[in-house]
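*Asks:* Residue-level listing of the chains:
Number of protein chains: 2
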Amino acid sequence: MEAGEGVSGTTPTEEMNGAGNLMDFLDEPFPDVGTYEDFHTIDWLREKSRDTDRHRKITSKSKESFWELIKSLLDAWSGWVVMLLIGLLSGTLAGVIDLAVDWMTDLKEGVCLTAFYYSHEQCCWTSNETTFDDRDKCPQWQKWAELMTGHAEGGGAYLLNYFLYVLWALLFSFLAVSLVRVFAPYACGSGIPEIKTILSGFIIRGYLGKWTLLIKTVTLVLAVSSGLSLGKEGPLVHVACCCGNLFCSLFSKYSKNEGKRREVLSAAAAAGVSVAFGAPIGGVLFSLEEVSYYFPLKTLWRSFFAALVAAFTLRSINPFGNSRLVLFYVEYHTPWYMAELVPFILLGVFGGLWGTLFIRANIAWCRRRKTTQLGKYPVLEVIAVTGITALLAFPNPYTRRSTSELISELFNDCGALESSQLCDYINNPNMSRPVDDIPDRPAGPGVYTALWQLALALVFKIVITIFTFGMKIPSGLFIPSMAVGAIAGRIVGIAVEQMAYHHHDWIIFKNWCRPGADCVTPGLYAMVGAAACLGENTHSLSVRVEITCSSLRNTKRGGVTRMTVSLVVIMFELTGGLEYIVPLMAAAVTSKWVADAFGKEGIYESHIQLNGYPYLDVRDEFTHRTLATDVMRPRRNDPPLAVLTQDSTTVEDVETLIKDTDYNGFPVVVSRESERLIGFVQRRDLTLAISLYTLIIENARQKQDGVVSSSVVYFTEDGPQMPLSNPQPLKLRRVLNLSPFTVTDHTPMETVVDIFRKLGLRQCLVTRSGRLLGIITKKDVLRHMAQMMNQDPESIMFN
Amino acid sequence: MEAGEGVSGTTPTEEMNGAGNLMDFLDEPFPDVGTYEDFHTIDWLREKSRDTDRHRKITSKSKESFWELIKSLLDAWSGWVVMLLIGLLSGTLAGVIDLAVDWMTDLKEGVCLTAFYYSHEQCCWTSNETTFDDRDKCPQWQKWAELMTGHAEGGGAYLLNYFLYVLWALLFSFLAVSLVRVFAPYACGSGIPEIKTILSGFIIRGYLGKWTLLIKTVTLVLAVSSGLSLGKEGPLVHVACCCGNLFCSLFSKYSKNEGKRREVLSAAAAAGVSVAFGAPIGGVLFSLEEVSYYFPLKTLWRSFFAALVAAFTLRSINPFGNSRLVLFYVEYHTPWYMAELVPFILLGVFGGLWGTLFIRANIAWCRRRKTTQLGKYPVLEVIAVTGITALLAFPNPYTRRSTSELISELFNDCGALESSQLCDYINNPNMSRPVDDIPDRPAGPGVYTALWQLALALVFKIVITIFTFGMKIPSGLFIPSMAVGAIAGRIVGIAVEQMAYHHHDWIIFKNWCRPGADCVTPGLYAMVGAAACLGENTHSLSVRVEITCSSLRNTKRGGVTRMTVSLVVIMFELTGGLEYIVPLMAAAVTSKWVADAFGKEGIYESHIQLNGYPYLDVRDEFTHRTLATDVMRPRRNDPPLAVLTQDSTTVEDVETLIKDTDYNGFPVVVSRESERLIGFVQRRDLTLAISLYTLIIENARQKQDGVVSSSVVYFTEDGPQMPLSNPQPLKLRRVLNLSPFTVTDHTPMETVVDIFRKLGLRQCLVTRSGRLLGIITKKDVLRHMAQMMNQDPESIMFN
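Taken in sequence, the protein lines are chains W and D.
Going left to right, the first sequence walks through residues 1 to 799 as full-length UniProt numbering numbers them.
Going left to right, the second sequence walks through residues 1 to 799 as full-length UniProt numbering numbers them.
No wet-lab data here; the hints were simulated from the structure.
Treat the hints loosely; a few may be bogus.
Copies of the same chain look alike in the list, so a pair counts if it works inside one copy or between any two.
Below 27 angstroms or equal to it, Euclidean Cα-Cα: the simulated DSSO-like pairs (lysine-lysine) are [claimed, not checked]:
| no. | residue 1 | residue 2 |
| --- | --- | --- |
| 1 | K510 | K758 |
| 2 | K510 | K370 |
| 3 | K758 | K61 |
| 4 | K659 | K779 |
| 5 | K298 | K63 |
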């Protein structure tokens, strides 16, 4: 019988036999054991089992006294408390960001004389002189040129406004990029790729820290206000996750357990999307399908709670939205017809192509930034892109205004009272102006101008977004994508409408579009286009539909009465509730298929890959025939696996091993001959234990040359038998993981990948008929998967 | 080096060396290998890897010819096709069931003279003589007494109607129970416990078969029409799953792979809930959170698709609902006030208590049925319960009508035009009758009568439901639960309303309820109560809210115009979209906590346990300190583990082993001395291989006494070396699983449970330092969990 086999069955009292008292301190837990280094992967199983231990302790203690019972109840409730706090803070921050962005965006154009901190809309709203027809014009709001020169019109005033618009934009973006660079480099980008990686079990210290939260909030306002082609929706997820991380530190249950912390972060991500789009269910679905890795049911409820609280908080902060009285109704009066599925599906194809093009071009550009000189001048890059954006955006009314306003107008159907250029139709003089149910009419000159401007805006948005996403400022992609889709959709919608009006004798129109009927709703096309173009943000169809619907509700909420908000919902219910989902789904499904045909990776996965993070995608199906033996290390010509033996390694050997290798852990075997595996020890724990030991020996002034390093390290219950003259052996059983995960060398890699995914392993040992053969780490798995997909395996950089 | 270690690295061409040609047939797959026996658990990992193999084959073939490419495309699309078919069929069946139930429920009361197949509502709808005030009365619809005696009123007519009502009820339920007993015993109950078990990887042949589908559909109509306290919503999930199983058989991709089949069934369950409540999103959530076990993202999209198609189909079948013109508006005009949270939370407490009481009482009764004489007379039991139900239900107007109509009326707010007894308020004579915004009024005598009748109905429903659920007829629990909650809620609502009216000077009412204001909405209380009482059906809060809202929409849809349907949604949007979710969530959360305090098991889990199915709940957290070594077999005093050696067992040994034990599989070790594990062989595969071998030997007329049984069975690549005189050895490597799952004896059971859950294992081998110690099966895990929870471990019956 080998020595390692007498292990179980001994009780703690028997432990004193072999080892001296001095060394038994290692039987007690010592600080920092079980924590992780920066840029390393966590071990989900270990975190989970640590949480269970903690839970067990609290439960058994709670029976001891009343105070402990209270403490255990508080502990049980802490999850809900954290959710409440996250909802409150992220809702508040989103509200503040909304207000600040409104104000600063308008600041580029002019200022309110009543109070400088009013946005254009607030300014005219408080004014009594606003006429109904021109809601946007009131004497209190003055453009810069008017204020400075007294002239509101004319070429000089236009140029002055133009100049100041560009100047403000440059100022905002310069401030944003400088703040990010100086205070919190992690605050840039949308943050979603990194959050996905963190949630999958990776450590990036400081990514969700307080500084990142503060700087990201401030720079997000600046970046959005500068007029760059980016949205605040993605970064809001990052902001919410920072809130989540912040509140985790209040409770040791979450701050000391990386697994539990990730449950909170998943819920925080849901709250982030919830405030970004006012869509609590969409937020939970987004978190569930797109962002999260480990999402137990408990988290689902808590996420929903956090998302609800956040949406509520945002609403109660927003002082407008509920009380304003603007009388345009947003209502689609007509159902859609089967034949319209053709343009809807074409919009889906466009969405798929745009997604593919965007991802490829953006990744190529980001790679270029990483590898060339370009990456060294981030401030200059931001300034340059902002300058170009502002210069090109100002002349076109559809790019000058904020992107969410643009989307709102594009979604809008032309009612009778609509004064926008897009609604400049020629009315039939014989007809009185009805309030709704306006038949299709021929387009007036304003519509044709708008079409040209929209087409230019489309090209501009497509090109500039590729260069914008990935710069060193906070930048989201939802809104630019929706804008591209909505513009394309509206153009197609108007085209179909005019075709139907002018050619209602064509066979395809004959059946559903009699003259004088209202049969095409261009606003619906814009919505369908927006849903189709959300593809690179989220694979999930339901999330896309939910977000499109919510953003419709939301963009309206800006300037709409309560009644109108509900009328948007009627739109969905009136015609049968589900009916408008069909066009959205048709377009979304088509765009998904088109995009999948060109490559299955979304923009976030591509950025994860670009950064070399170890992210094991749940969606990637591994279907190759390789076996564990093909992936494990050591490879055929490598030196043998670095192992420890259970009772014959000395401290010196261990120190050499730690120095010579950079493995994250070492298997422990009975002996080098038998290669029977007994456990696995983490490098970090081993280092800690050895250095603690050295320290204690030194303090005890027992240090004799060679004593420490020639001590034998043992992992069994009982120490090895050795002469008394030998230095006292060091018992390290406390840091040994006795249940390492093993697979046989014949296990298909498919199964191994599944195990890594579902159990969240860091590494797995490979055996054949009981003998240890090798080790597979998460990095090995990812590199193998990259290789099988003909990608560069060296792109996976972290462990 | 031991013999088992030279295994990998040899190619198939080398395989001929050791064994003769005859026996190599076993290198080819033979039929039935990899299938499962009835009432056994499947191995998810194996199913998954088989599907990957199949997929790989198709992909590689698709490059060969155009036809194969088409076939591979069809294969890829088959998932969506199956979803479409499921949606269509389950929507159709739900529609047919709806119509039939309507008609047969009314048949108990009377008949339509225009056409006997019209329900009461249809009959009066087609009549022109209906006055607006009395929608339900028209000369074409005659009660039985009127038809037979000519007298519509009077004691005799009442008694005759009473008698016929009971008679029809008895007839329907007798037919239902007889059909179930004779043709499809699996058609009884709600089916959800069994579907949960099946989806978790258990085989119950015939449970989702064609006969079950047919008989369940027919008897469901009969059971619901008989007036028993049961709903059709749960069984519709079973019906939809039967549809799913039916369409699986069209595609070998699904019919031959138990894992893939379960993906389809998960989506079918979503479609079932979707048609039951008209709630596609609720259906998907229910399937995701309550029913399904393995729910990849792909299934989420497909479920959503199936649920949408099903809801659409149901809607287009239902010839009413969209076109009827009934002018009562369902609109809650007033928001709720903070103080109302107190009664809402009390309703939550009631819901939690009702859930606990119901589960305990129902399980006790079902256990009694199982263990005593009672279970032998299912027909008599159904007849008796139907008789009692009908006798007690007829006199009370709130129990006489169908339960969904009752819920609809209870949810309804009292508008000005409402003629129901519940709306018999005393109007202020000085006021003109306004259309809406009616202030709180004192209750008239009708309301007080209604309160008494509702209280009686509540007690009756609570008691009778306990005895009804679990009888040998199809029976769902959603509707009875909602009815109990809605009745309690309405009673509380009216009580609060009258208190607020009569005591508006009390401090609590002072702030929010001035005289003449409309401050309490009893209908909302009914809704909140219904949401609170759904607890024993589903743990999930979001599902509860979704289902309550949808059923509100749905019960209304029965008799409401399009406009009104959307007004119900306005109710949610108008007051701020999320506002009404708060009362629902408050009640649902409270009821969940109350119910959890008394025991975490839902009704479905309790029934699963009662039946002894091997169901490993994802929600049960295992937090005990036990190790794998405490659970594995053999236990301390058991005989040693039955193992096979890799090259020294004879056919006779194998046959003895199969005869003497009933294990589902046997580990294969290098030798009994070293106990090094090389693989695992399934009992079924072993039996098949041996019998096939015997058959071939017999056919080849080589049978000599003892030859067959003294042949050596070997699992290595090369056969063992032995004298030529010995009978040819039998190579069984084909049936050997070379990658069995192992854990060490020190692995915490918590981790083992996690592995079983997440990877869907059947069994797991236990090793210590490379030596095989024992085995843990799913049954062992479940029994251990039962033991730890102080339940009877013997209740787990299947493997």
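*Asks:* Looking back at the numbered hints, which does the structure fail to meet, lowest number first?
*Replies:* 1, 2, 3
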